[in-house]
Amino acid sequence: MKDPKKNARRSRKAKEFSLTFIRSILLIGLCFVILFPTIQQILMALRAPIDVNNPAVIWIPENWSVMNIKIASIVLDYRHAVFNSFKLSGISMILQMASTALAGYAFSRLKFKGSNILFILVILTIVIPPQALSLAQYLYFRNLGLIGKEGSIYLMSGLGMGIRSGIFIYIFRSFFKGLPKELEESAMIDGAGVFRTFWSVMLPNARGALVTVGLFAFVWQWNDAYYVKIFEVSTQQFPLLTMRLINAAENMYAALFYTGGLDLIGQDVWENPVFLALISNVSALLMMLPLLIMYLFVQKQFVESIERTGIVG
Amino acid sequence: MEDIKKTPKLPIKLPKMTYKQQKLFWAIIFLLPWAIGILLLFLVPFIESLRYSFFDLTPQAGEIVKEFIGFENYRYAMNTHVTSISSFRVELLTTTTDVLINLPVLLIFSLFIAVLLNMKFKGRAIVRAIFFVPVILNSAAVVSAVGGGEAINAILEQQGIDRIFDLEFYLLQTGMAPFLITFIVGLIERIYDILALAGVPILLFLASIQSIPKHLYEAAKIEGATSYEMFWLITLPNVTPHIITVTVYALVDTFLTSSVSTIISDELNSQNWGLSSAMAWIYVAVIILILIVLGAFAKLLKIGESHYEN
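Read top to bottom, the protein sequences are chains A and B. Mapped onto my numbering, the consecutive letters of the first sequence carry residue numbers 1 to 313. Mapped onto my numbering, the consecutive letters of the second sequence carry residue numbers 1001 to 1310.
These are calculated hints, taken from the structure and not from any lab test. Note that this is a predicted model, so its numbers are computed, not measured. Mixed in with the good hints, there may be bad ones.
One-sided excerpt, in silico: chain B residues whose CB lies under 10 Å from chain A [claimed, not checked]:
(1) Lys1023
(2) Phe1068
(3) Phe1071
(4) Leu1116
(5) Trp1232
(6) Met1279
Reference excerpt, derived from the structure (chain A facing chain B, CB under 8 Å, subset only) [to be verified]:
(7) Ile25
(8) Leu26
(9) Ile126
(10) Asn143
(11) Gly148
(12) Met188
(13) Ala192
(14) Asn223
(15) Thr242
Lysine to any residue pairs mimicking SDA-like chemistry, simulated, CA-CA at most 20 Å apart [what the hints assert, rightly or not]:
(16) B:Lys1120 <-> A:Ser186
(17) A:Lys181 <-> A:Phe195
(18) A:Lys300 <-> A:Asn205
(19) B:Lys1122 <-> A:Ile25
(20) B:Lys1120 <-> A:Arg12
(21) B:Lys1066 <-> A:Val82
(22) B:Lys1299 <-> B:Lys1221
(23) B:Lys1221 <-> B:Ile1234
(24) A:Lys87 <-> A:Pro239
(25) A:Lys113 <-> B:Ala1035
(26) B:Lys1122 <-> A:Gly191
(27) B:Lys1221 <-> B:Lys1066
(28) A:Lys177 <-> B:Ala1125
(29) A:Lys13 <-> B:Lys1214
(30) B:Lys1120 <-> A:Ser18
(31) A:Lys70 <-> A:Phe195
(32) B:Lys1066 <-> B:Leu1050
(33) A:Lys181 <-> B:Lys1221
(34) A:Lys149 <-> A:Val82
(35) A:Lys300 <-> B:Leu1024
(36) B:Lys1020 <-> A:Val82
(37) A:Lys111 <-> A:Glu184
(38) A:Lys70 <-> A:Met97
(39) A:Lys149 <-> A:Glu16
(40) A:Lys111 <-> B:Leu1032
Cβ coordinates follow ideal geometry from the N, Cα and C atoms, glycine included.
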């Protein structure tokens, strides 16, 4: 009361402290919610199959073992499937980045009469669901002989019609729009052509957008079950993780039976339906694992890229 | 600029013209792959599938037999269609109402998280990295394998712990209105789903917050504004232009991952092609209708118009 200045400072400090406190609790709690299922899955993957029948095991396995992982990887045909998924996602990521970056640049920096009308088509590709198109696309690809081949996915990605390509074009467009005009002008004065300007001035400056789009293009292709199913890309010779996982999850017992996974464990274990659910879980973890590891490596770039993705209307 | 003035002999005008022409030339080249794609893989299938929806298509050795049946597919989809657990009409209705209820929650939640993540604090990079993990792990295949956590719950239940903390019971004790409790408990149980759905919206909001000029905040700070005032007077008005983007994304995304989508895919896979096309078109009509309504709302409330530039 005697010193209002001191009081105000104290109350501001208290406010600041409570803000930090509430924020920390919220963020820590939400991070826990996010990480909780994954941690749980990892711990479940590492328990021995016999622990399924052991009511004492809740979190920490009593007998550590990689048996579950072994069985799940047999069910998924893991070695081949991971390689194929990497190949499919990697190539389609590069194709998608190329086609959407070019289109995004043209829409933001190389404007001409009617380019805004064309951009409405980009928005339309975002809004129209793939289901409305896939039958006609299927018949189209059947005529081209692309059904059952990875080429169908590459063709879609390369022509800017891959998974959510419209959003990538949108991201690139807003990013290139946000780059200062002076960059382009100074490059022009230095005698660089339009392509040189794009390739050696604008693109290196667009690293933020490139990282974001690249990550999403890879991840969404990796997780994609829809197009892969429609175009029958996953075959016996070319197994993909998503389709193997979905097929296994639909009938885990059959999947275990046909791949010989049952021989690795006793009857008392595989008769337990909880065990089948457990293997299903471990399979899901195995499918996500390469993505998680990859994310660990690019995560810093990705998080930093948000700071530079400054979206401008 | 001064350099150019000093050397008037340089034929500035001529290269400028060609530069413009060059721009058009490269614009065509840059857009070529996309233009081919949009023509062959979007517009043609788009019209074709609209045509299919009026036909009864039956596959026969190597070809497809078409029979024009008018709006029969649409009628069937809306009135007669049933699956083992539900029907197209019911799923469409629940998805639509769910979207309309969840969309505001999703928008507010993701904006709130984006503001939190934008603040400066220790370990910000780690928290941000963790928040985008659900975006990475959000996959239909994983959901089908994990069974929406049912498998885990089955294991936990078998071991005698189904819930560590019974929130619903606790809230009932406080004497809260039951409908409010179901809403809150529902939200909390779905928090992982919401977080997964909110990943990209958070990203979009965060990017738009980052693009707000820093000097606005500095000026406000000098004037003695609190962080609360800064949020309402600087952050929010500057973010509103992007609310439309986020809404469109969230709307399309929730519909894409909804059970309506699954029904359409299932019909497609069981070769009821005309029917699935008709369903897809009903779905498109619903989304566009919602977008138009939201757009009108936004116009009415002047959301989405830039606060400073106009």
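Honestly, which of those hints from before does the structure not fit? Hints 2, 3, 5, 7, 10, 11, 13, 16, 21, 22, 26, 27, 28, 29, 31, 33, 35, 36, 38, 39 not satisfied by this model.
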